[in-house]
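**Q** Using the hints, put the two standalone chains together into the complex.
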Amino acid sequence: MTTPAANTRSLIIERDLPHPPAKIWRALTEGQLLAQWMMNNDFQPVVGHKFQFRADPMPNWNGIVDCEVVLVDPPQRLSYNWGVGGAESGLQWLVDWTLTPTPNGTRVRMEQSGFREDQQAAYTGANYGWQKFFGNLEHVLGGLD
Amino acid sequence: MPVVPGPVFKALADPTRRAIFERLTRDGEQTVHSLTRHARISQPAVSKHLAQLKRAKLVRHRRCGRETHYSARPQALAPLLDWLSVYGVFWRDRFDRLESLLERMEP
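Chains R and U, in that order, are what the protein sequence lines are.
The working numbering numbers the first residue of the first sequence as 1 and each following residue consecutively.
The working numbering numbers the first residue of the second sequence as 1 and each following residue consecutively.
Just chain U, same shape as in the assembly (with noise of 0.2 Å):
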């Protein structure tokens, strides 16, 4: 439960913003043109759902002349799988203090 991947969870939690990620990581490197036609927003609420992707380090742009590229890294996602991981732990923990506390208890 400590594990709060926050910047990435934030950026996911957006439908938009996952969509653009969704195409992203289908359909490969794109323009912010080519996402602004699938987006049915304007291409400044894409670049600012961009940026904030980037921030969570789950896109990465390359400059290539007048048009900037982008890319899904799909591998930024790995810590949200963690949640199941520290979970488990968290609970089998709080089951053998259940326990515990059963034994000590009246019946």
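Bound conformation, chain R alone (with noise of 0.2 Å):
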């Protein structure tokens, strides 16, 4: 089996919040509640549901975040792709969230990642690894002066 994102860069971003998991669940999985901290959006907590994110078009970026709901393991695990530029760009990651019990409340963990190569299969023309991409870059860009 892969390691997660062994093979690709990802990023990650912690934080332990003062609420319990079946709370930050919601704020995650309810639209008009996810719409109020992340992006318009039309959401449904079901594995296959593709759906977007939209915020103001701005220079660069039309604004719209295309994404197919991977993973629904209610109230701990949530994970979706997340493409930007529609799919010849090749602009595609996980974003991954797992939230775990703490004494205070919870422990909430974002992991936005490059394709691995187990996942490349499900997504349709997936061909650009990017996993090896950002490896070769890490290799490159350390050989620059």
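Hints may contain errors.
What the hints assert, rightly or not - Below, a sample of chain U positions facing chain R; criterion: calculated Cβ distance under 10 Å: (1) Asp27; (2) Arg40; (3) Tyr87; (4) Gly88; (5) Trp91; (6) Arg92; (7) Arg94; (8) Phe95; (9) Asp96; (10) Arg97; (11) Glu99; (12) Ser100; (13) Leu101; (14) Leu102; (15) Met105; (16) Pro107.
To be verified - Chain R stretches covered by chain U per the calculated footprint, using a threshold of three residues with CB under 8 Å from any CB of chain U: (17) 44 to 50; (18) 66 to 77.
Since the hints were made in silico from the structure, they are not lab data.
Every value quoted in this text rests on a predicted model; they were computed, and no experiment measured them.
C-beta: ideal position from N, C-alpha, C; glycine also.
**A** Structure (structure tokens):
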């Protein structure tokens, strides 16, 4: 099995919040609540559901994020694909939320990563190999002055 | 997220172009002929890929007699690494908003 994010560049943000997991789960999965802190959306907590986050357009970005729900495991785990600029741009990531109960509330962990090898098959036309690319990128930039 | 270095991403979204770019990065300056030998595609196809890499400023060329020599400009990759810092700011901002929403929500 592939170790998560072993071959990808990923971004991880963790925060301890003084609220129970069930409450945070609602903020993550109820469209109206989600819109209040993320963006306008037509999210539904259903695996395979395709949805969009919509923000105001800005230079170099039309304001749309194309997403598809990958995993729903209430109230602890939620993942969706995160695509910017349409399929041809190859700008595809996975956003993965993990809620872990703590004595004072919940640890919220968000990981945004490039596609991993085991997920690429699920993404139509995903032939971009970003995980390899970012690995190479590091190597290449390491060789720069 | 607004930072979408489109030409660079597009140029490198193609595995053949990525292979050409990697080869130039690894082995240094080369002619179209020598690139074609490794690419298993026709010379015009290689030239087309090189043109797209050039458009993204990932390669540069210099003419020497009848031959054109291509070399990599890895510094053109730098914008790609920006997504990490851009999204870092984006998500921290969203976490702040999530926290304040949770304060407002019924328990």
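**Q** With reference to the structure, classify each hint as holding or not holding.
**A** Here's how the hints hold up against the structure:
1. At a threshold of 10 Å, the smallest CB-CB gap from U/Asp27 to chain R is about 13 Å, leaving the interface hint violated.
2. Given the 10 Å rule on beta carbons, the hint for U/Arg40 is violated: about 17 Å separates it from the nearest Cβ of chain R.
3. Among the interface hints, the one on U/Tyr87 holds; its C-beta lies about 5 Å from the nearest C-beta in chain R, closer than the 10 Å criterion.
4. A distance limit of 10 Å between C-beta atoms decides the matter here; for U/Gly88 the minimum to chain R is near 6 Å, and the interface restraint holds.
5. Checking U/Trp91 against chain R: minimum C-beta separation of about 5 Å stays under 10 Å; hint holds.
6. Interface hint at U/Arg92: satisfied, since its Cβ lies 7 Å from the closest Cβ of chain R, which is below the 10 Å cut-off.
7. Annotation: interface hint on U/Arg94 holds; nearest CB of chain R at approximately 6 Å, less than 10 Å.
8. For the restraint placing U/Phe95 at the interface with chain R, the shortest Cβ-Cβ distance is roughly 5 Å, inside the 10 Å limit, so the hint holds.
9. The interface hint given for U/Asp96 is met, as the beta carbon of that residue sits about 8 Å from the closest beta carbon of chain R, less than 10 Å.
10. Using the Cβ-Cβ criterion of 10 Å, the hint placing U/Arg97 at the interface with chain R is satisfied: the shortest such distance is roughly 4 Å.
11. For U/Glu99, the suggested interface contact is upheld, since its CB lies about 6 Å from the closest CB of chain R, less than 10 Å.
12. With its C-beta approaching chain R no nearer than about 8 Å, U/Ser100 sits inside the 10 Å limit, and its interface hint holds.
13. Evaluation of the U/Leu101 hint against chain R yields a held restraint, the C-beta minimum of about 5 Å falling below 10 Å.
14. Hint status for U/Leu102 relative to chain R: holds, with the closest Cβ pair at about 5 Å, below 10 Å.
15. Hint status for U/Met105: holds, given a least beta-carbon distance of 6 Å to chain R, under 10 Å.
16. Satisfaction of the interface hint for U/Pro107 is found here, the shortest Cβ-Cβ separation to chain R being roughly 7 Å, below the 10 Å cut-off.
17. For the region 44 to 50 of chain R, the stated coverage by chain U is violated: 0 residues have a C-beta nearer than 8 Å to a C-beta of that chain, whereas at least 3 were required.
18. With 0 residues bearing a CB less than 8 Å from a CB of chain U, the region 66 to 77 of chain R misses the requirement of three and the coverage assertion fails.
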